[in-house]
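Chemist: Sequence:
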Amino acid sequence: MNHRHRKVLHSLFAHPVSANIDPKHVVAVFEDLGAEVTHGGHGQVKVTLNGHTHGFHDTRHSFSKEEVGEIRRFLDQAGVNPADYPL
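In this text, residue positions in the sequence shown follow our numbering: the first is 1, and each later residue adds one.
None of these hints come from the bench; they were simulated from the model. Misleading hints may appear alongside valid ones.
Mimicking DSS-like on lysine-lysine, the simulated pairs with C-alpha atoms at most 25 Å apart in a straight line are [said to hold, decoys possible]: (1) Lys24 - Lys7; (2) Lys7 - Lys46; (3) Lys65 - Lys24; (4) Lys7 - Lys65.
Using C-beta positions, here's what the derived DEER-type ranges look like [stated by the list, open to error]: (5) Pro86 - His42: 30 to 40 Å; (6) Asp22 - Arg73: 11 to 21 Å; (7) His39 - Gly69: 20 to 30 Å; (8) His61 - Thr38: 13 to 23 Å; (9) Asn2 - Asn81: 12 to 22 Å; (10) Gly41 - Pro16: 28 to 38 Å; (11) Arg73 - Met1: 31 to 41 Å; (12) Lys7 - Gly69: 17 to 27 Å; (13) Asn81 - Glu36: 18 to 28 Å.
Glycine included, each C-beta is placed from N, C-alpha and C at the ideal position.
Go ahead and model the full structure; you've got the sequences and the hints to work with.
Modeler: Okay, structure coming up:
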(Lines of atoms letter the chains of each structure in order from A and count residues from 1; the text may use other names and numbers.)
(Lines give C-alpha, C1' and ligand atoms only; values in the text may rest on other atoms or scores of the structure.)
Protein backbone atom coordinates (compact mmCIF):
# COMPACT_ATOMS: atom_id res chain seq x y z
CA MET A 1 0.00 0.00 0.00
CA ASN A 2 1.48 3.32 -1.00
CA HIS A 3 1.84 6.31 1.32
CA ARG A 4 -1.21 8.17 -0.04
CA HIS A 5 -3.47 5.16 0.50
CA ARG A 6 -2.14 4.67 4.03
CA LYS A 7 -2.90 8.35 4.78
CA VAL A 8 -6.48 7.92 3.53
CA LEU A 9 -6.91 4.74 5.59
CA HIS A 10 -5.69 6.51 8.73
CA SER A 11 -7.96 9.50 8.04
CA LEU A 12 -10.96 7.14 7.88
CA PHE A 13 -10.19 6.01 11.44
CA ALA A 14 -9.16 9.44 12.78
CA HIS A 15 -10.88 11.21 15.66
CA PRO A 16 -12.70 13.51 15.19
CA VAL A 17 -14.29 12.08 12.07
CA SER A 18 -13.15 13.82 8.92
CA ALA A 19 -15.71 14.95 6.35
CA ASN A 20 -13.13 15.90 3.74
CA ILE A 21 -12.21 12.52 2.21
CA ASP A 22 -12.25 12.05 -1.55
CA PRO A 23 -14.36 9.02 -2.57
CA LYS A 24 -11.96 8.15 -5.41
CA HIS A 25 -9.17 7.77 -2.87
CA VAL A 26 -11.32 5.55 -0.65
CA VAL A 27 -12.16 3.28 -3.60
CA ALA A 28 -8.42 3.07 -4.35
CA VAL A 29 -7.78 2.03 -0.73
CA PHE A 30 -10.49 -0.64 -0.96
CA GLU A 31 -8.90 -2.00 -4.12
CA ASP A 32 -5.42 -1.87 -2.57
CA LEU A 33 -6.72 -3.91 0.38
CA GLY A 34 -7.90 -6.55 -2.09
CA ALA A 35 -11.60 -5.70 -2.13
CA GLU A 36 -13.87 -6.33 -5.07
CA VAL A 37 -15.49 -3.01 -5.98
CA THR A 38 -18.44 -2.91 -8.37
CA HIS A 39 -20.45 0.11 -9.43
CA GLY A 40 -24.13 -0.73 -9.49
CA GLY A 41 -27.13 1.21 -10.61
CA HIS A 42 -28.84 3.95 -8.67
CA GLY A 43 -25.57 5.52 -7.51
CA GLN A 44 -24.33 2.61 -5.43
CA VAL A 45 -20.87 1.11 -5.00
CA LYS A 46 -20.75 -2.48 -3.72
CA VAL A 47 -17.59 -3.46 -1.86
CA THR A 48 -16.69 -7.03 -0.86
CA LEU A 49 -13.69 -7.47 1.42
CA ASN A 50 -12.69 -10.56 3.44
CA GLY A 51 -16.17 -12.06 3.09
CA HIS A 52 -17.99 -8.88 4.13
CA THR A 53 -20.11 -6.91 1.68
CA HIS A 54 -21.50 -3.42 1.99
CA GLY A 55 -23.13 -0.92 -0.34
CA PHE A 56 -22.08 2.71 -0.26
CA HIS A 57 -23.43 5.81 -1.95
CA ASP A 58 -21.42 6.66 -5.07
CA THR A 59 -20.68 10.36 -4.84
CA ARG A 60 -18.37 12.81 -6.56
CA HIS A 61 -18.16 14.99 -3.45
CA SER A 62 -16.51 14.35 -0.10
CA PHE A 63 -18.12 11.79 2.17
CA SER A 64 -20.28 13.01 5.03
CA LYS A 65 -19.30 12.14 8.60
CA GLU A 66 -22.02 9.51 8.69
CA GLU A 67 -20.69 7.86 5.52
CA VAL A 68 -17.15 7.88 6.93
CA GLY A 69 -18.55 6.17 10.04
CA GLU A 70 -20.16 3.49 7.86
CA ILE A 71 -16.90 2.93 5.99
CA ARG A 72 -15.00 2.73 9.29
CA ARG A 73 -17.43 0.11 10.66
CA PHE A 74 -17.23 -1.90 7.42
CA LEU A 75 -13.43 -1.91 7.47
CA ASP A 76 -13.42 -2.84 11.14
CA GLN A 77 -15.78 -5.78 10.52
CA ALA A 78 -13.62 -6.89 7.60
CA GLY A 79 -10.60 -7.02 9.91
CA VAL A 80 -8.74 -3.97 8.63
CA ASN A 81 -6.64 -2.25 11.27
CA PRO A 82 -4.84 0.97 10.30
CA ALA A 83 -2.07 0.12 12.78
CA ASP A 84 -1.08 -2.67 10.36
CA TYR A 85 -0.29 0.04 7.79
CA PRO A 86 2.05 2.56 9.47
CA LEU A 87 2.53 5.99 8.00
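Chemist: It remains to establish, for every hint, whether it holds in the given structure.
Modeler: A quick look at each hint next to the structure:
1. Lys24 - Lys7: Satisfied, since the Cα-Cα distance of roughly 14 Å is no more than 25 Å.
2. Lys7 - Lys46: Holds - the C-alpha atoms of Lys46 and Lys7 are around 23 Å apart, at most 25 Å.
3. Lys65 - Lys24: 16 Å, holds
4. Lys7 - Lys65: With Cα atoms ~17 Å apart, Lys7 and Lys65 stay inside 25 Å; holds.
5. Pro86 - His42: 30 to 40 Å: 38 Å, holds
6. Asp22 - Arg73: 11 to 21 Å: Once the Cβ atoms are compared, 20 Å apart, the range 11 to 21 Å for Arg73 and Asp22 holds.
7. His39 - Gly69: 20 to 30 Å: Cβ of His39 to Cβ of Gly69: about 22 Å, so the range 20 to 30 Å holds.
8. His61 - Thr38: 13 to 23 Å: For Thr38 against His61, whose Cβ atoms are near 21 Å apart, the range 13 to 23 Å holds.
9. Asn2 - Asn81: 12 to 22 Å: 18 Å, holds
10. Gly41 - Pro16: 28 to 38 Å: Given range 28 to 38 Å: holds, Cβ gap about 34 Å.
11. Arg73 - Met1: 31 to 41 Å: At 20 Å between Cβs, range violated.
12. Lys7 - Gly69: 17 to 27 Å: Holds: the Cβ-Cβ distance is about 19 Å, inside 17 to 27 Å.
13. Asn81 - Glu36: 18 to 28 Å: Given a distance of about 20 Å, which is inside 18 to 28 Å, the answer is holds.
Hint compliance for this structure: hint 11 is the single one not met.
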